[in-house]
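Chains as they are written, first to last, in this note's numbering: chain A, 1 to 166; chain B, 1001 to 1410.
What the hints contain is simulated information worked out from the structure, not anything from laboratory work.
Honestly, I wouldn't trust all of these hints.
Straight-line Cα separation of at most 25 Å, PhoX-like style, residue types lysine-lysine; simulated pairs [claimed, not checked]: (1) B:Lys1315 <-> B:Lys1330; (2) B:Lys1069 <-> B:Lys1104; (3) B:Lys1330 <-> A:Lys90; (4) B:Lys1069 <-> A:Lys147.
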Amino acid sequence: MLTNEEVAQTIINQFGDAVGEFDDPYNLLTFSTGRDQIFSLVQFLKEHKTYQVGFLTDITAIHYPDSPGREFCVVYHMHSLTNNFRVRIKVYLDANDLHIPTVIPLFLSANWMERETFDLFGVIFDGHPDLRRILNMEEMDYHPMRKEYPLEDSTREDKIDALFGR
Amino acid sequence: MVSEELDIAPKYLPAEQGPVQYVNELTTLNLGPTHPATHGIFQNILQMDGEKIVSSEQTIGYIHRAFEKIAERRPFYQITTLTDRMNYCSSPINNMGWHMTVEKLLGVEVPKRAQYIRVIMMELARLADHLICNGILGVDTGAFTGFLYIYQEREHIYEIYEEVCGARLTTNMGRTGGMERDLSPTAIRKVKELIPRFRKVLTEFENLFNRNRIFMDRVVNVGSISAEQALSYGFTGPNLRAAGVDYDVRVMNPYSSYQDFEFDIPVGQSGDTYDRFMVRNEEMWQSLRILEQAINNLPEGPYFADAPQYYLPPKQEVYKNMEALIYHFKIVMGEIDAPVGEVYHAVEGGNGELGFYLISDGGRAPYRLHFRRPCFIYYQAFPEMCKGLTLSDAIVIMSSMNVIAGELDA
């Protein structure tokens, strides 16, 4: 049974200052890294002899418009099926430079997950063979999951509720 | 776009038929968006060389409803209705998965009885899901009889849903903290009656298909995928198990008391359509085992957690009890305080690992909610699986992968 501390220590030993913000919310090891290391980090975890984090569960992104320089966070969930160990890797990106390397050479499943993230958030995965929109139509000129696109028309005044802030 | 990237060797006519001639004519075939064989709305553009598929390309998103965006404005209890509409063949699993995610965030411990009721509902949903997939696989190979035999039981499962929550397809079942009401004696009776009847029908169904020469010719060695490739493509659920990997979320990360039940994980060998069919069949037997254990050992006790600030109080209490009225108001108006945090919770859905990635900033609605939809992730392996096969094989493969359009697009 792997412990979060053990894996975190190995990652720190291997990557040093390139990783940080270690945390384990609800017992799931979470840390952040830079986009320069993400590929080698995912590769390291996948090819590690004992950890064998060989399953890419999910890729998605989060938009934090109020944190300058770290507006977008690309989140990778990985899972070691042999050790039953999950890990979550975060990469923070600047809104003006939304580039991150693709992990398709390591996991074929990353293809559509990265396309979805591009479609909804506009994160550009460098090296992706076919980075097109997947859920929305190609003519669309914005990325709808960003926080600047509210779900309802923000100019509507008839629904403003002073008491509950909606 | 597709034709430029084609990678097929040019063909030359034999010399005796005249001068060497370049023959490279491909047919483009649209399978979908509304084709009876896709069982949902998504498009496959196939490049056909005669009857062989050279390459294919998928267009999805026809029923993309932006659930993740909608969820960012809804209080937690209203998101349940969104999860219904993902894998609509097994809505209760989605509902329960969502409730468990919220409970994990809030730190609510659900009583044993509610956990068992949830297991019963989830296994009924799995039965209904696998039943549809395997029944339709039969229809796609030309065997309508099995489908008709087995669909009667789906109706009975939906009657149980109706008894438990009042709805049939989009169930909106359960609440954060437990179930909305206790399992009624009628529901218990219906579940108990269902199990032996389902066994009988499933045996009949298996007799019709398992060693049927015509069926086997259509599905054996069609759409094989190796375990390594399946893992790389992010397969989960029956499709991954058919390739020989015994990954089941129910066993690896037990939730809702799955550790109390004894059941096996069926695995296949070659990952072909026949294995996927057989794994789903066997999972139905295992689901029946779980159902039997759960309904016979249903613990006594409350069916909802003692968490009044999160669990909607019974309506009759609201009318006569001040605290209940306050909590009712706060919950309905979305004034509950959710803790700040991020949660990933996965359940074994009908198609595999259904994950909910929830980020809460303490507000009434999630800051961000992402659904890990198994269909969406494994459907990208479809071009690889049907390459070089015929159109009829592609339809069978698609059917056996159980691609649900609602889950594909979210």
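Against the structure, the hints:
no.	hint	result
1	B:Lys1315 <-> B:Lys1330	holds (14 Å)
2	B:Lys1069 <-> B:Lys1104	holds (22 Å)
3	B:Lys1330 <-> A:Lys90	violated (34 Å)
4	B:Lys1069 <-> A:Lys147	holds (9 Å)
Consistency note: the structure conflicts with earlier hint 3 alone.
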